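Student: Work out the full structure: start from the sequences and follow the hints.
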Amino acid sequence: MKKFTLLAASLCAALVSFGQWSENFDSYNVGDYMGVVGAGSGWTTWSGTTGGAEDVQVSDGQAQSGNNSIFIDGAPGGGPQDVVLDFGGEYADGTFHLDMAIYADSGFYFNFQGNTAIGTSFPLQVYLLDDSINVDDGTALYARLAYPSVNQWATISIDVDLDSNVWSVSWDGTEIANFANANINQIASMDIYPLDGNHDFYIDDVNWDYTPAQTSQMVTFKVDMNYYTAAAFTTPEVNGTFNGWCGSCNVLADGDGDGIWEGTYEVLGDSIEYKFSYDNWTGQEELTVGSSCTKTTGEFTNRFLMLDGTDLELDVVCWEQCIECAEPAGVNSLKGAAGVSVYPNPATDLLTIEFGEEASEMTIAIVDVMGRTVMPTMNQFSGNRTEISVNELPQGAYFITGTSEGYSFKKSIMITK
1 MKKFTLLAAS LCAALVSFGQ WSENFDSYNV GDYMGVVGAG SGWTTWSGTT GGAEDVQVSD
61 GQAQSGNNSI FIDGAPGGGP QDVVLDFGGE YADGTFHLDM AIYADSGFYF NFQGNTAIGT
121 SFPLQVYLLD DSINVDDGTA LYARLAYPSV NQWATISIDV DLDSNVWSVS WDGTEIANFA
181 NANINQIASM DIYPLDGNHD FYIDDVNWDY TPAQTSQMVT FKVDMNYYTA AAFTTPEVNG
241 TFNGWCGSCN VLADGDGDGI WEGTYEVLGD SIEYKFSYDN WTGQEELTVG SSCTKTTGEF
301 TNRFLMLDGT DLELDVVCWE QCIECAEPAG VNSLKGAAGV SVYPNPATDL LTIEFGEEAS
361 EMTIAIVDVM GRTVMPTMNQ FSGNRTEISV NELPQGAYFI TGTSEGYSFK KSIMITK
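For the sequence shown, counting from 1, position 170 maps to 170 in the numbering used here; every step adds exactly one.
There are no misleading hints in this set.
Label-pair distances were calculated between CB atoms; the ranges are:
| hint | residue 1 | residue 2 | range |
| --- | --- | --- | --- |
| 1 | Gly51 | Asp172 | 31 to 41 angstroms |
| 2 | Gln217 | Val289 | 26 to 36 angstroms |
| 3 | Glu361 | Gln217 | 45 to 55 angstroms |
Hints in this document: simulated from the structure, not taken from any laboratory.
The model shown is predicted, which means the values in this text are computed figures rather than measured ones.
The C-beta atom is built at its ideal place from N, Cα and C for all residues, glycine as well.
Tutor: The following block contains the structure:
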């Protein structure tokens, strides 16, 4: 093992002179070398030579759970064991967690390696020396406290937010150190090494996981509400795993009154489940199990989207469908180049209707949510644009409809006062 400096020892001299992995060792036989039987899980040695004096063996001398643990047997001058648990790469962002149980009398030592090249950097050292637990990063000492767990099992936990460079070390659930790493904010492996003949200790129930930094992208969601007639609505919204299904926090807008509502929001992660709803969950999509755009989790069927960190503008989809809205059989809707726009929406006094192509002999009406006509019908309208006064309508939700030979449209509108 490369020579290292224990900062607590130096201090005393100055003052006084997700990946994811779990192991409890119970699936192995007593005497097995972890560098041999556990090689597939990352167990090795400092030199890479396994199955000998440098390796660690499974023991039934002590165990926190089950029957087995591993036993580190120290010798004068340090070693000979020098055991490494490789975490499978160099982690410089995201979050990392490790916890393990330690049973020690007078000493133990382990460190984190910051690089896959063993011995390059020591971002964390934790050790029992002179009846005190010490925590350092190779450049500064962050904790030194009396050892409270002589000859009993205790759990040490390390939680690292690599994105923010926040390192936390806890002993039996109590944080004993919290610091920004001044050495290297990176993790690659753990090294376990007995410093001297007093370092005889057991380790059991080792768990670690690493969660990569979440990718961030801007996603534009679009839903066509032109053919939704089940109920009146004011404002559609998008809800999903990316916003905690928050209701009305990510609302959509229909700025041009074409019935297509959209909104662009930041999304974290490499996949999301989501669905469209309206008016803070007053209504929501009921999606079909097994559809091309859905995923069923338990009793819930939602839209599903894979992401790669690239900003994305989604295609327009119809409410409760995976594709754009289909035209009603036998009727051509005024959409696209020949579309219809209704604005402002919500409206207070005057409502404007514009047609992409000239309408001919069209009947235009405003109806309530029950389908009852609430304003005099405009008959035989021809042209590209018209205005309707709505100042006498009570505040609420309505539909404006238009029909002529071979064409129709229906738009939801809100009247506000």
